[in-house]
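Number of protein chains: 2
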Amino acid sequence: MKEVRFFYAPEATITEELPQDEATHAIRVLRLQSGDEIFFMDGKGAFHRAEITLVTNKKCMYRIVETMQQEPTWRGHIHLAIAPTKMMDRVEWMVEKATEIGFDEISFLNCRFSERTKIRTDRIEKIVVSAVKQSHKAWKPIVNEMLDFKNFICQPREGRKFICHCYEEVSKEDFFSLISSVSQEESLHESDDITVLVGPEGDFSIDEVRMALDNGYESVTLGKSRLRTETAGLQAVSMSNLARRI
Amino acid sequence: MKEVRFFYAPEATITEELPQDEATHAIRVLRLQSGDEIFFMDGKGAFHRAEITLVTNKKCMYRIVETMQQEPTWRGHIHLAIAPTKMMDRVEWMVEKATEIGFDEISFLNCRFSERTKIRTDRIEKIVVSAVKQSHKAWKPIVNEMLDFKNFICQPREGRKFICHCYEEVSKEDFFSLISSVSQEESLHESDDITVLVGPEGDFSIDEVRMALDNGYESVTLGKSRLRTETAGLQAVSMSNLARRI
Chain B
1 MKEVRFFYAP
11 EATITEELPQ
21 DEATHAIRVL
31 RLQSGDEIFF
41 MDGKGAFHRA
51 EITLVTNKKC
61 MYRIVETMQQ
71 EPTWRGHIHL
81 AIAPTKMMDR
91 VEWMVEKATE
101 IGFDEISFLN
111 CRFSERTKIR
121 TDRIEKIVVS
131 AVKQSHKAWK
141 PIVNEMLDFK
151 NFICQPREGR
161 KFICHCYEEV
171 SKEDFFSLIS
181 SVSQEESLHE
191 SDDITVLVGP
201 EGDFSIDEVR
211 MALDNGYESV
221 TLGKSRLRTE
231 TAGLQAVSMS
241 NLARRI
Chain U
1 MKEVRFFYAP
11 EATITEELPQ
21 DEATHAIRVL
31 RLQSGDEIFF
41 MDGKGAFHRA
51 EITLVTNKKC
61 MYRIVETMQQ
71 EPTWRGHIHL
81 AIAPTKMMDR
91 VEWMVEKATE
101 IGFDEISFLN
111 CRFSERTKIR
121 TDRIEKIVVS
131 AVKQSHKAWK
141 PIVNEMLDFK
151 NFICQPREGR
161 KFICHCYEEV
171 SKEDFFSLIS
181 SVSQEESLHE
191 SDDITVLVGP
201 EGDFSIDEVR
211 MALDNGYESV
221 TLGKSRLRTE
231 TAGLQAVSMS
241 NLARRI
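Taken in order, these protein sequences are the chains called B and U.
Mapping to the numbering used here: the first sequence position 59 is 59, numbers consecutive.
Mapping to the numbering used here: the second sequence position 157 is 157, numbers consecutive.
Pulled out of the complex, with its shape left as it was, chain B reads as follows (with noise of 0.2 Å):
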């Protein structure tokens, strides 16, 4: 499937029409027409093959020639809730390498010591879908607005849950050491959920990584390298991926 060209399709099985954006793409640039085969991902874990059913001006439709569920290749729900850089084109980066290497959802913070306290979504979103076409992932990771930290660490969720941080008067365990470490037998009855949080550039407030403690977030390093918050935060997705894959 190397040289496939896929389109994202998320509403692929109801509407029988490619997304404007899709369209125009499929219509102006690669002047498809009707009769001729596409590849599309839903984002929701499928790929179809269809057959252009019509080309207008504005419009390619479509019919569902055969659809192929596809198999996870990492197990659990990798979550990655991250302080935006000053500099956007950093976190954009991040993203896309993050949906190229493979996670599940991500999510803004807004710290004491933020950067940047608004951040444009809609950009984040069309990078993850670019991303994940050119990737040919079957899921489309989650793109969330930005929250105030103590928001987001007051939410429940499944899994085990981390932060990563500089403090040398808090104790920390080694990340990867400690997603890697669960046995076959425990991993059987615990969610293999990870949800990580990553600071911004001036790090976590020691009240913010307190209150994350008190949350039941696991205080975590990512090993003896001085980090910045983008690579930081892929490489807190990539030991993810790299612990949890099948």
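Some hints here could point you the wrong way.
Which copy? The list can't say, so a pair holds if one copy fits it or any two copies do.
[Claimed, not checked] Pairs of lysine to any residue, SDA-like flavour, derived with a Cα cap of 20 Å: (1) 161 / 96; (2) 59 / 156; (3) 172 / 54; (4) 133 / 201; (5) 58 / 32; (6) 150 / 113; (7) 86 / 55; (8) 150 / 24; (9) 44 / 168; (10) 224 / 192; (11) 86 / 134; (12) 58 / 29; (13) 133 / 166; (14) 161 / 205; (15) 133 / 66; (16) 133 / 104; (17) 86 / 96; (18) 150 / 36.
Honestly, the hints are just simulated from the structure, not real lab data.
Keep in mind it's a predicted model, so treat the numbers as computed, not measured.
The hints should help you fit chain U onto chain B, whose structure is shown.
Okay, now just chain U, sitting in the frame of chain B:
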């Protein structure tokens, strides 16, 4: 040491003068003066604390007060050889992130399907130095000029050598499993060095893959995700560092 700003001075113990770029930054931007304390890394494993002894229009002289030899945080020599992407910004961020995470050497390969056959390694070197300073690395990764694929793989290398590729007709093992599985006893007798090859956007040619195997490279995959060249390069470094960390 969180707030310490480092300079990079590869000839630190010989010249007692900051390199031109660093001196300009120290004098014009930071407005440092005689008597001020500075820190720098020599890129060969040591941090130095020094006192500025003389500042002129263009020069910044110092006297080393304390030399702090650093402990490595990973075993062995991690060498990534990669075909650079068409878009330079993609290679550049990869190099920045790989330096933050931690590796030892980068080479650029000119392959059959390369989209870019020239690369300005002076720009890459600058990015590496900047990331070394920002992430407080005691060792600076080596940046090599571009080589033809065949030239590169014919050179002798210590340790294990790997080629990442997507051909289904060539059997592959999992890269991370292979480099993680060395038992403690074995590791006493074997070099921890890793050389890993990542191909261009269109992958290596099958002939290149076979040529590498003939030269002692092991055929590997980085996992089930379909990764862009620069993401694959970063994942190869990230996995190597994780498998070799101390």
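Discussion item. One pair to classify: residue 150 and residue 113, alpha carbons no more than 20 Å apart. Within, between, both, or neither?
Written reply: Intra 13 Å, inter 50 Å, cutoff 20 Å: intra-copy only.
Worksheet entry | Intra/inter-copy verdict for residue 58 and residue 29 if alpha-carbon distance must be at most 20 Å | Result: close within a single copy only, 12 Å intra versus 55 Å inter.
Worksheet item: How do residue 58 and residue 32 come out at 20 Å by Cα distance, when the copy is not named: within, between, both, or neither?
Response: For residue 58 and residue 32, only the intra-copy Cα distance (12 Å) is at most 20 Å; the inter-copy one is 62 Å.
Discussion item. As a check of your reading, is residue 133 near residue 104 (CA-CA no more than 20 Å) within one copy, between copies, both or neither?
Written reply: within (15 Å within a copy, 33 Å between copies)
Worksheet item: 20 Å Cα cut-off: does residue 150 pair with residue 24 within a copy, between copies, both or neither?
Response: Cα proximity of residue 150 and residue 24: none, with 42 Å in one copy and 44 Å across.
Practice prompt. Classify it for me, residue 133 with residue 166: is the Cα-Cα distance of at most 20 Å met within a copy, between copies, both or neither?
Written response: Only across copies: residue 133 and residue 166 sit 18 Å apart there, 36 Å inside one copy, limit 20 Å.
Discussion item. Within, between, both or neither: how does the pair residue 86, residue 55 come out at a Cα-Cα threshold of 20 Å?
Written reply: neither (43 Å within a copy, 34 Å between copies)
Worksheet entry | Alpha-carbon proximity context of residue 44 and residue 168, limit 20 Å | For residue 44 and residue 168, neither the intra-copy (41 Å) nor the inter-copy (26 Å) Cα distance is at most 20 Å.
Discussion item. Within a copy, between copies, both or neither: which one fits residue 86 and residue 134 at a CA-CA cutoff of 20 Å?
Written reply: Intra 27 Å, inter 16 Å, cutoff 20 Å: inter-copy only.
Discussion item. At most 20 Å between alpha carbons: which applies to residue 224 and residue 192, within, between, both or neither?
Written reply: between (25 Å within a copy, 19 Å between copies)
Practice prompt. If the cutoff is 20 Å on CA atoms, where do residue 161 and residue 96 land: within, between, both or neither? Let me know, please.
Written response: neither (23 Å within a copy, 29 Å between copies)
Worksheet item: Taking 20 Å as the upper bound on the Cα-Cα distance, should residue 150 and residue 36 be classified as within, between, both, or neither?
Response: Result: close neither inside a copy nor across copies, 51 Å intra and 41 Å inter.
In terms of the numbered hints stated before, the structure departs from hints 1, 2, 3, 7, 8, 9, 18, listed from lowest to highest.
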